[in-house]
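Same order as they appear, the protein sequences are chains A and B. Each residue of the first sequence is one higher than the one before, starting from 1 at the first, in my numbering. Each residue of the second sequence is one higher than the one before, starting from 1 at the first, in my numbering.
Treat the hints as calculated values from the structure; they're not laboratory data. Honestly, I wouldn't trust all of these hints.
[As the list claims (entries may be wrong)] Partial chain A-side listing against chain B, Cβ under 7 Å, derived: (1) 159; (2) 198; (3) 199; (4) 223.
Given the structure is predicted, the values throughout are model-derived calculations rather than measurements. Glycine included, each C-beta is placed from N, C-alpha and C at the ideal position.
There are 2 protein chains.
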Amino acid sequence: MTADSAPRTARARVRAELTREIKDVARRQLAEHGSAGLSLRAVARELGMVSSAVYRYFPSRDDLLTALIVDAYTDIADAVDAAESGVRRSDLAGRWLAACRAARRWAVAHPHEYALIFGSPVPGYRAPTDTVDPAARIPLVLLAILADATGGGRAPALAHGPVPRPLHADLKRLRDAAAPGLSDRYLARALMAWAQLVGLISFELFGHLHNVVTDYEAHFDYQLRAVGLDLGLG
Amino acid sequence: MTADSAPRTARARVRAELTREIKDVARRQLAEHGSAGLSLRAVARELGMVSSAVYRYFPSRDDLLTALIVDAYTDIADAVDAAESGVRRSDLAGRWLAACRAARRWAVAHPHEYALIFGSPVPGYRAPTDTVDPAARIPLVLLAILADATGGGRAPALAHGPVPRPLHADLKRLRDAAAPGLSDRYLARALMAWAQLVGLISFELFGHLHNVVTDYEAHFDYQLRAVGLDLGLG
DNA sequence: GGCTTGTCAAGAGCACTGCTCTCGTTTGTT
DNA sequence: AACAAACGAGAGCAGTGCTCTTGACAAGCC
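Produce the entire structure from the sequences given, and follow the hints as far as they go.
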């Protein structure tokens, strides 16, 4: 629905093309100067047109940013999908590690885009409908791995206690929507694992481990492997 | 060194006072419009002076932001310190929970300031010397609790394997600087716990658990309690 | 006392931003 | 061919960070 696969008229085609070009230039500017340095006028200048013309394609600067956000979510989710689906289905620990590593690799390669989606929210708030679907893709991949891991009723032993009552409804909703069959306790542990993954990447990219960890890749691998063990994978 | 305790001349005193006033107004604007909406001219306007005058106190907008960042680090660390030190020393799980809860409470009360220090880095990069010391305070408090927990040689059993070689030097440096006596494995687990704490708060504040978790406080408590158990506290 | 020196607020100005509006032109449809 | 929608260009508004100059004031030295 976002990208018309077959634009009928010539106008529609050149419009789709120019929309793509604007986003490409904007993405490049984003990578160079960060989200604050993204200037609609500079994008227009680089494309050889006048600033007001860009407003025919994106009604505001924030809309351009939102489009880049959606693209970033889709891009990182594609990378995770591709990496995870290349691993033998029965190798649960391998799938988990592949997915997490792909997420980190993409983040390291696109730090500003990562900051856009997992850092501080920039403008007021996101347009929910556009972003939630692509944003949910990575957690869904991870949950699928965990569902496979507990498929035969072999739920791993978790050290921590039962979840408190206020969380029951939330976890039930999550289970019904995305991960049928997973226990409350295990689902909560999965939620924490998702936060661990993002927290670890953010720490690295935002410099919170500066002068503490030097070999980020080894650190990431070790920690995420431990999380996988905790979740009962391999 | 930042705040002269006794400014000698009258000029120095009124300067210190005005510096404080500028930061206060800036902090208020930050809380209202976010870091992108912090305008030096607006701050000057609210203080009834002209924009160029502010530059006598802060050489650039980013310097004002950096000052706010240092203040935020100090502020949240003070909150954590106060909460943790109010708990009986032998109640390790209580100290852990109190520290973590204080961090979350401060973050929820000052979301924009939290985003400033734990979200995406805004300008180019931080002035390291000014920020690293206040930034390290919270992890140091947490490490102190963990050092007390393993004081009697009673290191808890950790499920995951030994740390790989590339991390040995990093962990040794960390141990020598901040936590003598903690094993590599335990220290690595502590690092992960620190990332978990920040990851959990960031997920809540940045809306990544929207429509998933509703009772954030219960969720936070449960997860952090589990982390404490994992670390061998109570 | 007077005089120099440094600090300060004010103002004008530069280059830039997001965004709006109008004005012709081009394009696709009827 | 006629019409309406879409489009690019340009001018313009209000706002921004930041620089430079000017004049007022206070602190320290003779």
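Cross-check of the supplied hints:
no.	hint	in the structure
1	159	6 Å, holds
2	198	6 Å, holds
3	199	2 Å, holds
4	223	5 Å, holds
This entry satisfies every hint, going by the numbered hints stated previously.
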